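Q: Listed below are the residues making up each chain.
Number of protein chains: 4
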Amino acid sequence: MCRWLAYTGAPLYLEELILKPEHSLIDQSLESHSGATTTNGDGFGIGWYGDRETPGVYKDVQPAWNDANLRDLAAHIKSPLFLAHIRAATGTAIQQTNCHPFRHGKWLFVHNGLISGFARVKRELALAVAPELYPRILGSTDSELMFKLAISFGLEDNPLVALERMAGFVEKTCADQGIDKALQLSVGVSDGQRLLAVRYSTEGRSRTQFHSTSMQALQEINPDLRRFSPDARAVVSEPLSDLTDVWEEVPESTALVIHRGEIQTHPFEPRPPD
Amino acid sequence: MCRWLAYTGAPLYLEELILKPEHSLIDQSLESHSGATTTNGDGFGIGWYGDRETPGVYKDVQPAWNDANLRDLAAHIKSPLFLAHIRAATGTAIQQTNCHPFRHGKWLFVHNGLISGFARVKRELALAVAPELYPRILGSTDSELMFKLAISFGLEDNPLVALERMAGFVEKTCADQGIDKALQLSVGVSDGQRLLAVRYSTEGRSRTQFHSTSMQALQEINPDLRRFSPDARAVVSEPLSDLTDVWEEVPESTALVIHRGEIQTHPFEPRPPD
Amino acid sequence: MCRWLAYTGAPLYLEELILKPEHSLIDQSLESHSGATTTNGDGFGIGWYGDRETPGVYKDVQPAWNDANLRDLAAHIKSPLFLAHIRAATGTAIQQTNCHPFRHGKWLFVHNGLISGFARVKRELALAVAPELYPRILGSTDSELMFKLAISFGLEDNPLVALERMAGFVEKTCADQGIDKALQLSVGVSDGQRLLAVRYSTEGRSRTQFHSTSMQALQEINPDLRRFSPDARAVVSEPLSDLTDVWEEVPESTALVIHRGEIQTHPFEPRPPD
Amino acid sequence: MCRWLAYTGAPLYLEELILKPEHSLIDQSLESHSGATTTNGDGFGIGWYGDRETPGVYKDVQPAWNDANLRDLAAHIKSPLFLAHIRAATGTAIQQTNCHPFRHGKWLFVHNGLISGFARVKRELALAVAPELYPRILGSTDSELMFKLAISFGLEDNPLVALERMAGFVEKTCADQGIDKALQLSVGVSDGQRLLAVRYSTEGRSRTQFHSTSMQALQEINPDLRRFSPDARAVVSEPLSDLTDVWEEVPESTALVIHRGEIQTHPFEPRPPD
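Just so you know, the protein sequences line up as chains A, B, C and D, in that order. Taken in order, the first sequence gives residues 1 to 274; the numbers are from my numbering. Taken in order, the second sequence gives residues 1 to 274; the numbers are from my numbering. Taken in order, the third sequence gives residues 1 to 274; the numbers are from my numbering. Taken in order, the fourth sequence gives residues 1 to 274; the numbers are from my numbering.
Just chain A, same shape as in the assembly:
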């Protein structure tokens, strides 16, 4: 099981949420309590929005806890919207092209979850990727393919509908192969303005996802910090601290859209292909 975190608010050094909190993302990569796998040592990545048109991405295949570069970069890069991901591979190769976030133009995508029976449906899913995007599939993961499918289905115009179409297409393709419980989905997506998060699973028993409800939630994580703005919000695949009462669990089959501190909640309903 992977883990991820997304932040939007006043610019923060990435280290303030990734490295410094007592139960930081990196710290947790060494020891997973709620996860199915014990260790997230199969690579990591950060993606952040700055003053360029496209976001920056830094990925490596080492365990995040070993990466001296990550510590330095997280201490020097400041951003108003960033995503971080640590990977626990489930069969695919340990290589940078399989690490999250995935990027397409100004869009970033992180994911924790899986497509059941992926090897049996991979070809069918890849065929549904827009032909001009096909040669830009760089790695071998289900996550990258889900992102490319969502782009093919209109992510840049209407991200929630595109994600619902992607989920519907994956479920239909799996069902055609007799695969139950096709999808486990905990997705974070951004275009640099809005932060979207989806919690969904075919079987209705999804992996966890939490969002902070207030500035206070973040300050309780990192008490040394006074820079959290009133509109600062974070979404995490598992709570970053033991103070779980200041984090709200995202309900089953739900999409969040976070913009300037405001959190909108939408039902997430996969749209099968016609």
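Honestly, the hints are just simulated from the structure, not real lab data. Note that this is a predicted model, so its numbers are computed, not measured. Each hint should be verified, as a subset may be incorrect.
[Stated by the list, open to error] Taking CB as the label site, the calculated pair distances span:
| # | chain 1 | residue 1 | chain 2 | residue 2 | range |
| --- | --- | --- | --- | --- | --- |
| 1 | A | 274 | B | 274 | 31 to 41 angstroms |
| 2 | B | 91 | A | 52 | 16 to 26 angstroms |
| 3 | D | 257 | C | 177 | 14 to 24 angstroms |
| 4 | D | 68 | C | 71 | 23 to 33 angstroms |
| 5 | C | 216 | B | 266 | 48 to 58 angstroms |
| 6 | A | 274 | B | 91 | 36 to 46 angstroms |
| 7 | D | 68 | B | 68 | 17 to 27 angstroms |
[Said to hold, decoys possible] Computed cross-link-like contacts, SDA-like style, restricted to lysine to any residue with a CA-CA straight-line distance of at most 25 angstroms:
| # | chain 1 | residue 1 | chain 2 | residue 2 |
| --- | --- | --- | --- | --- |
| 8 | C | 78 | B | 193 |
| 9 | B | 172 | B | 90 |
| 10 | B | 106 | A | 120 |
| 11 | A | 20 | D | 104 |
| 12 | B | 78 | C | 106 |
| 13 | B | 78 | C | 78 |
| 14 | C | 78 | B | 90 |
| 15 | B | 181 | A | 78 |
| 16 | D | 172 | D | 260 |
| 17 | A | 78 | D | 80 |
| 18 | C | 181 | C | 75 |
| 19 | C | 181 | C | 91 |
| 20 | A | 20 | C | 20 |
| 21 | C | 20 | C | 90 |
| 22 | A | 20 | A | 248 |
| 23 | B | 172 | A | 134 |
| 24 | C | 172 | D | 124 |
| 25 | C | 106 | D | 216 |
| 26 | A | 20 | D | 52 |
| 27 | D | 78 | A | 54 |
| 28 | D | 78 | D | 216 |
| 29 | D | 181 | D | 208 |
| 30 | A | 78 | D | 19 |
| 31 | C | 78 | C | 181 |
| 32 | A | 181 | A | 128 |
| 33 | B | 106 | B | 274 |
| 34 | C | 106 | C | 91 |
| 35 | B | 78 | C | 68 |
| 36 | B | 106 | C | 69 |
| 37 | A | 78 | D | 75 |
Quick reminder that beta carbons are idealized off the backbone N, C-alpha and C, glycines included.
Keeping the supplied structure of chain A fixed, place chains B, C and D upon it in accordance with the hints.
A: Just chains B, C and D now, kept in the frame of chain A:
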């Protein structure tokens, strides 16, 4: 431009041809004389047949000249049939899954060359891979796809015909996209018994390929060595030494089949799909 | 806390003890039960004796469980005497030169343990290394320095005395700096003939170390295997299986010398410098 | 032979000097014209000053031309003072701790050159490092040792005198061992305010070093760029472009101190120990 070497004969430590000769494969990776690119620093791999059913493979993304492990392994692994490859990437990611040799069961495959306009035909080529092989495409190179296509076209039963069908299919697919000079092919393939090599290009101006003609050829490379057996033969993408007169250039559009020191020559004629 | 395994007996493929047993070394690298740290993801190494004068070594900084090369090499390399090590770093850099086994001529050295307050005594210890060996200190660990000290103190002539002199020197140097509990030592050493193992700690509460007592012990680990010879013996820093009754714990302050299946036990008594 | 570049002036994205110019540092890492070695493929590093107290550093052991992260970071990190280095190793291990820049507090250090007969004097030099700094020697290069010696000799108070004392000490130590032509030195050092550069060799035939003399020099390198400030200056170990007339060669045995566009020139005279 990549480089490769293949050896068949009495068991040798890999280092005797990869590391020790004055103009060894590794030495040449630092400075390419005949090649289009200046440096082969984008990863390497060795594949060797031993006493297990499937051959062993060791690959890394570092430059070969930097790899302390390679030096040690090449000094300790002895094999009667091995292939070595050093990579100069032309756009695809530097990752182990893009390094040669590629392996399928007992088969190994190395390649120097390219498919012109690969991004434009990649999807079409991938669709022609046998569906059960599709999820086993691990990297993103044209070389791996050529190997998977050849397997789909019957490599395990009739390797030369399968390679000709692969070449014909690639040329046809490129032609349909208006791509000239589709293929540059310098391939080495083995099942552990026979060593096959193909030199071919659509335009009839192929990259070089040489084979040794006698035991003496190999002894001139590595004079310290007395272990070369009378049936020892090597194929290289460029001559390993300046003693080019003891190496015979493989003619254009030719396939070699080397078995127990005997070298058979066949014309190589791509077979377009029906 | 690191982990290691050493084997001596009829030649085995390394995978048979490193990868295949249910509680193999690699499997345990993901989840440590008895150890102080939770995960051994900071690199690994194997060293094996073959038919060359010096042993082969393969090391990498990735977690062992991720390394495709390790799986292939362990499946193809067969040896009558090998050591394997997986690392959990305690502050020093994650780099190949810090991975075990360390090698000097025909000698290999693996270690689990530490020198307390290492930064405070490192210079003093390095000064005691034989001047001609000083430039051959390649990494930054306490383990490599312990090995270089033991060589300086005569390891090649009398390994047990040299290790005792090393331990005595480290304890004296630490004591001079007011450092208690100077040493935790679980060492495996070999010259390709004999396998030596030392369990010792200054405070008399050493990390675990076990040795197999019979061929049966190894067969219980890997029941598929019939190739274990009557003189096969293994030493491990933690028991490889739950069948702990067939493994004998090495007593405190003890050195083992294993040769052709015979296990000699010696008290291990650090020798302070004169 | 390594290569390096240092920039001071109005904040620039690092890519504007490292990646984008036709004869950029990275481009040149593939093919060295003036250098003794053909390829700088043995790792690289960047160090930059931002709004934190200490500078950021990013290093990797891959060839710079392969590093997707470097491209992204250089496109997103903007700095008024940065150093970049690409390495061609001369015998020491390829590992991050051997990559430049080296950092100590707010100081950064890059180097191209070598200490002749380093293995014979390494121990003597290491003993002269301040004892409290000794455990902070992380790698195995002569360059890091030169930096640690300069710090030990007062770099933070008087950098030029400290570098002269370092050079004098190295020359004396080498001379005691009968080593001629002890030093080749092309150093870049900064505390985030001033940029210092030294060109020196014992034999008086030093490796090249150039500095730009005006804003125009930099604009000729990267014509797309209008952001160069009047006080922008760069120092490079080899000219970045073929437009060598706008770059001034630093004379033999000379130190530059660059501050706010003003370039002071000092003779560089090694100070032997008393």
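Q: In this structure, is the beta-carbon distance linking residue 68 (chain D) and residue 68 (chain B) contained in 17 to 27 angstroms?
A: holds, 24 angstroms
Q: Quickly compare the C-alpha distance for residue 78 (chain B) and residue 68 (chain C) to 25 angstroms and report which way the hint goes.
A: Distance ~20 angstroms between residue 78 (chain B) and residue 68 (chain C) Cα, so the pair holds.
Q: For the pair we were handed, residue 181 (chain B) and residue 78 (chain A), check the Cα-Cα distance against 25 angstroms.
A: Distance of about 48 angstroms is beyond 25 angstroms: violated.
Q: Between the beta carbons of residue 68 (chain D) and residue 71 (chain C), is the distance compatible with 23 to 33 angstroms?
A: Given about 26 angstroms between the Cβ atoms, the range holds.
Q: Would you mind confirming whether the straight-line C-alpha gap from residue 181 (chain C) to residue 75 (chain C) stays at or under 25 angstroms?
A: violated, 41 angstroms
Q: Please work out if residue 181 (chain A) and residue 128 (chain A) have their alpha carbons no farther apart than 25 angstroms.
A: Holds, because 21 angstroms separates the two Cα atoms, which is no more than 25 angstroms.
Q: Taken at face value, is the distance from the CA of residue 78 (chain C) to the CA of residue 78 (chain B) at most 25 angstroms?
A: holds, 12 angstroms
Q: Given the hinted pair residue 172 (chain B) and residue 134 (chain A), is their Cα-Cα distance within 25 angstroms?
A: holds, 20 angstroms
Q: Does the structure keep residue 78 (chain A) and residue 75 (chain D) at a Cα separation of 25 angstroms or less?
A: holds, 15 angstroms
Q: Evaluate the given range 48 to 58 angstroms for the C-beta pair formed by residue 216 (chain C) and residue 266 (chain B).
A: Given a distance of about 56 angstroms, which is inside 48 to 58 angstroms, the answer is holds.
Q: Do the alpha carbons of residue 20 (chain A) and residue 52 (chain D) lie within 25 angstroms of each other, as the hint requires?
A: holds, 16 angstroms
Q: For residue 20 (chain C) and residue 90 (chain C), compute the direct alpha-carbon distance and say whether it is at most 25 angstroms.
A: Roughly 28 angstroms separates the two Cα atoms, so the pair is violated.
Of the hints listed earlier, those the structure fails to meet are numbers 3, 14, 15, 16, 18, 20, 21, 25, 31, 33, 34, in rising order.
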